[in-house]
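A.B. asks: Residues per chain, in single letters:
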Amino acid sequence: MHLWYSLVDSLLPFGWLQHGFMKNALLGVLLVTPIFGLLGTMIVNNKMAFFSDSLGHSALTGIAIGVILGIKNPVWSILFFAVLITIAILVVKEANTASTDTIIGVFSSTAVALGLVILSRNGGFNKYSGYLIGDLLSISPTDLLTLGIVFIMVILLWVIIFNKLLLSSMNPSLARSRGIRVRGYEYLFTIMMAVIVTISIQWVGILIISSLLIIPAAASRNIAKNMRQYHVYSVIIALISGLSGLILSYFWGTATGATIVLVTSTFFAITFIMKLRLL
Amino acid sequence: MKKHHKCANTKCKTCECGLCCTKINNFGVKRSGIDILRNVNLHIHCGDLTAIIGPNGAGKSTLLKAILGEVSHTGELQFLDAQKNGTRRPSIGYVPQKLDLDSSSPTTVLDLFAAAHTNIPIWFTYPKKMRERVRESLARTRGEHLINKRLGELSGGELQRVLLALALDPIPHLLLLDEPVSGIDQKGLELFYETVSTLRDNYDLSIILVSHDLSLVAEYADRIAFVNNKTIECCGTPQEVFTNTQVIQAFGLDWSNRFQRDEKDRVDNALMV
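Keeping their order, the protein sequence lines are chains A and B. All residue numbers for the first sequence refer to our numbering, where the first residue is 1 and numbers rise by one. All residue numbers for the second sequence refer to our numbering, where the first residue is 1001 and numbers rise by one.
Just so you know, the hints here were simulated from the structure itself, not pulled from any lab data. Be aware that one or more of the hints could be misleading.
Unchecked claim - Cross-link-like lysine to aspartate or glutamate pairs, in silico, EDC-like; alpha carbons within 20 Å at most:
hint, chain 1, residue 1, chain 2, residue 2
1, B, Lys1149, B, Asp1102
2, A, Lys47, B, Glu1153
3, A, Lys225, B, Glu1153
4, B, Lys1030, A, Glu94
With the rest of the complex left out, here is chain A (with noise of 0.2 Å):
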């Protein structure tokens, strides 16, 4: 860390880095929104946005869970009840008995309303609402190790398991016929998605964890003309949404979740006015 500090000091010497806080807040959006920008490709290309929204929500259950148990960190209940509300999702929509976006709804609701249920006992859910806004400024040292563990595996596995999950997504009869296991790589995609929005969302918030998945992505598709582009169209807006919304809210002292996905959405108007022109 000191590293880190004396690194930003020395390159970037800003009146609002002065603050150990921001430096901190600074490298977990270095971190945290190229992960978003890659991942929120396949979400939008597999159309999960919804999905997406749900495990956010399913984060209140899990600190209520949390709460129960006495878990000092709810980040470890918040991981399980993700996980487990993905592969219920996952299960009962594979009985293909209603379509996926009323199952997922189904269980969405659920899991906020069994949050508030809980939390709200005693009437003290307001201890509990800065989990809906998230505060990105609050990250810790030790946040940003999980953090940059956390980074590189998925760095990791996206290289292993990108080229495959497409060819799954875009029909598993033919994944399968060139030997691959399409359960399993939907199994794999769904639970890392489960992992990255646990691990970010007191930070950024459950209302708005998952514009931020989709977000970039679908800025970046109004552009793209092919894979890659996407790719590093949906990377690059992420990271300098995270870097200007954090710089933004720090002189407007607004919640900087919130500011970051403002600017995600403006990047989401500029590209989309390109697509109208370029056509």
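Given chain A, work out where chain B should sit, using these hints.
C.D. replies: Just chain B now, with coordinates in the frame of chain A:
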């Protein structure tokens, strides 16, 4: 071209034609304890185009999925090469009806091939010789010019040729084709049949084609398997099959009714998608 109809009988247990062949022996599929397919036997020689026809819901697509190994089944799938060596599972090239993506997807034809052929993530880079290899594959189905197009831009017929080229790289033992029910015009469909027919002769491929177009099947298929009541009820040359009473009952007597119903199913399918 020489055909091997002396061995067309599905009940023959060994391949006596001195050529490679694929055998489906006694396939059965159960779901929740109910038979969906039973007692399916099919014997396909290299260089033969076998079409599978039958009313909707008779089990055509289940048979296809069973051959692909996507649904578990009883019975066995065997591949014998010209020297009668080995009973390993055949390598299968599969041409699906459609791809699940929307028209704005930035996936190009090259992306699709690279994703299928390498483990190097396509969002990072392509291997050096990929473009050349893909162009060669596409040339087999007259689609070289499509290499840089996005999949969403392709017409139904073009997409079908791209998927066919993908299924043929590497050349499989058995080519499985699921003919699209919608989104492809009559001319595109004929071109597709012509291409498949030429490939069969050039590469000596065994081809199974699930078809919905009886007139094209009658023109191009070497053999036809009629699937009805959860099994293959009748199998033989187009002439044999189209004069079979069971087939006439399914398609012939109330042909127009049947056709309209299919049309309705097509619309329903399109709506479901």
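A.B. asks: Output the indices of the hints that this structure fails to meet, ascending.
C.D. replies: Hint check: nothing fails, all pass.
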